[in-house]
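**Student:** Listed here are the chains, written in short residue letters.
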Amino acid sequence: MAEVSLRHIEKVYPNTEKKKKGSKSNLKVTEEGVLAVQDFNLDIKDREFVVLVGPSGCGKSTTLRMVAGLEEITRGELYIDGVLVNDAAPKDRDIAMVFQSYALYPHMTVRGNMEYPLKLKKMDKEEINRRVEQAAEILGITEYLDRKPKALSGGQRQRVAIGRAIVREPKVLLMDEPLSNLDAKLRNQMRAEIIKLRQRIDTTFIYVTHDQTEAMTLGDRIVIMKDGVIQQVGTPQEVFDHPANLFVAGFIGVPQMNFYDAELVRDNAGDYAVKIENVYIRPSDEKQENLRRNKVEPQSITLGVRPEHIVLADEGENVLHGTVEVMEMMGSAVHLHVNFSGRDNIIIAQTMSLGGKNPSHFGAGSTLTFSFSGDVIHMFGKKDGKNLEA
Amino acid sequence: MKKKTRRINGMWSVIMLIVSVLYMYPIFMVLMNSLKIESAISTSTAFELPTAETFAGLANYENAINAQGFLSSFFYTAFITITSVLAILFFCSMFAWYITRVETKVTKALYLLCAFSMVVPFQMVMFTLSSMADTLNLNTPWVLWVIYLGFGAGLAVFMFCGFMRSVPIDIEEASMIDGSSPLQTYFHIVVPLLRPTMVSVAILEAMWIWNDYLLPTLILDINKYRTISMLIQFFRGSYGRVEMGPMMACIMLAILPIIIIYLVGQKHIIKGVVAGAVKG
Ligand SMILES: Nc1ncnc2c1ncn2[C@@H]1O[C@H](COP(=O)(O)OP(=O)(O)OP(=O)(O)O)[C@@H](O)[C@H]1O
Ligand SMILES: [Mg+2]
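These protein sequence lines map, in sequence, to chains A and B. In our numbering, each residue's number is its place in the first sequence (first place is 1) plus 103. At position 123 of the second sequence the residue is numbered 103 (our numbering), and the sequence of numbers has no breaks.
Calculated directly from the structure, the hints in this document are not laboratory data. Watch out, some of these pointers could steer you wrong.
The calculated lysine-lysine pairs, modelled on DSSO-like cross-linking and capped at a C-alpha distance of 27 Å, are [as the list claims (entries may be wrong)]:
hint: 1; chain 1: A; residue 1: Lys253; chain 2: B; residue 2: Lys247
hint: 2; chain 1: A; residue 1: Lys251; chain 2: B; residue 2: Lys247
hint: 3; chain 1: A; residue 1: Lys274; chain 2: A; residue 2: Lys222
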């Protein structure tokens, strides 16, 4: 039930001691110290579900903790519902947080854990009971209410942690990698439950994860970060279809996008084409338009194509040749690891579309012909990795 | 191979048995003699079990309790021990919590200072201490806990910090977000987490303070206030001859509470040590 605005938020960790976790990060270091978060700008709408995603050490948790008030904001302004809360204590921000480690109070029962924030608010008994039971009902933990956290499984503990956060009906619900301590199956299940939960409670969510699948499935908008800098903000569709740079292109989507060295050339008519090996691929009209608008010069580029956009082709003109190294049968599709121009590429072929060909046809060492069309390619500058269309 | 280990184990059992007999023997001697008449204690019969002639029943105990002011000594000792242990638990746990969670140069220095205080022998500071206690009017049993807090802090802070470091900070952060002030976090969250360590610290400090002789002797006026250990010493010097019977009875009475505390708290001590080792 709240809007959150982050304006030029920065976090500097004084350079005094050894860095936490000792990660060999590429964070910018100034005289003040390590810049863990740089110039972070984001306006989060009421009831929006925003996911911060990025590799380890990119500053996601730090950003979230600044919103929570657990970490001091070095520079910039943080507004919750239009109120500047830079210096407000966590308890005065009307936020709740779910930790990766669950952070349940070990000496209290599940009920005690969920009541605790309400008791601190001096809410009356009946209201407390009503809310706790309702939350327990939503999360399916009613039967464990009188147990201690020690006697619960990981998934149940995480539910309790979420329960403790939602009983307060906070303005903003913060989650820091809440699912990463769970096994794969349970994680998928909990992910679905978070989506359901979201429909039942009216709260703004900020969710941190390093898992792009979680980000894509949960987020209304995704914020992709690297080394303390926002790389792109957008809906899952936007970041998937129009990655702002090489990093985003490689980070979003499984299996990873394939990258090739290529040349961007331009003919006399002003039409662009991408030259890879000896094949010319003409970008779609829309892409032509974007390139023209940005006045892109012919240059060496990194070409990106998603595995699912590559099609197996018959021998002919404008096809590329590669050698199959590994074939992975995934059921509905085959993942082919193909060596092409010295790089490992992945091609996803739907089993259905193989036209009756036996997948074992693509044994290791066999040669493959493939192609892709001009509307699925992504072109990135060699120097800065920026998407040339953006 | 198995036979060998079994033999070694058997040997150890015998050795430990001998050692424990050696440890128990003095206590047994005291118990035995506390039940004898005076004349039978200071002679060669001291090492014999009481016979019909030498058996005094509980006379020595009655004497110690009634005539020698054991009860008031017991009260002073208990009061000093309880107040000191409570003060140590409260202040040291809070202090340890602060210095492990707020890491600055100052808190690090404070931690080292605390650890260092464990190394300084009491004898080195005792004379300055006693004159300082006089100046500050700390020379009564009612405020002796202030001094014990100072001497007990080293060990207590050391143990609390050791445990605190193994506790993930998330739990306290969660409580801050849930709406607690730092003090509420301390009482609602940190104290319950520290409970096993608190029991260990309390037992160790209580045993030391209860049995301490030198510090109260130096600071308290023996004519006004006598702790139990002072009283026992007092028996030796008061009438020119040593009153062995009541003294033995007194010793028995004095060690009784500490043995009870230890037996009750024993499992907590072990728990407290383990709690730091495995992730909480
Ligand atoms: N107290 C600290 N002092 C100095 N540097 C710190 C401190 N805490 C974090 N950092 C650094 O700030 C950077 C961002 O940390 P942060 O915990 O936000 O990363 P993250 O994106 O959450 O990573 P992860 O996915 O591993 O949780 C890291 O490189 C880390 O080394
Ligand atoms: Mg993190």
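**Student:** If a hint holds in the structure, say so; if it does not, say that too.
**Tutor:** Here's how the hints hold up against the structure:
1. Lys253(A) to Lys247(B): holds (20 Å)
2. Lys251(A) to Lys247(B): Measuring from Cα to Cα gives roughly 21 Å; hence the hint holds.
3. Lys274(A) to Lys222(A): holds (18 Å)
Checked against the numbered hints listed earlier, the structure breaks none of them; every hint is satisfied.
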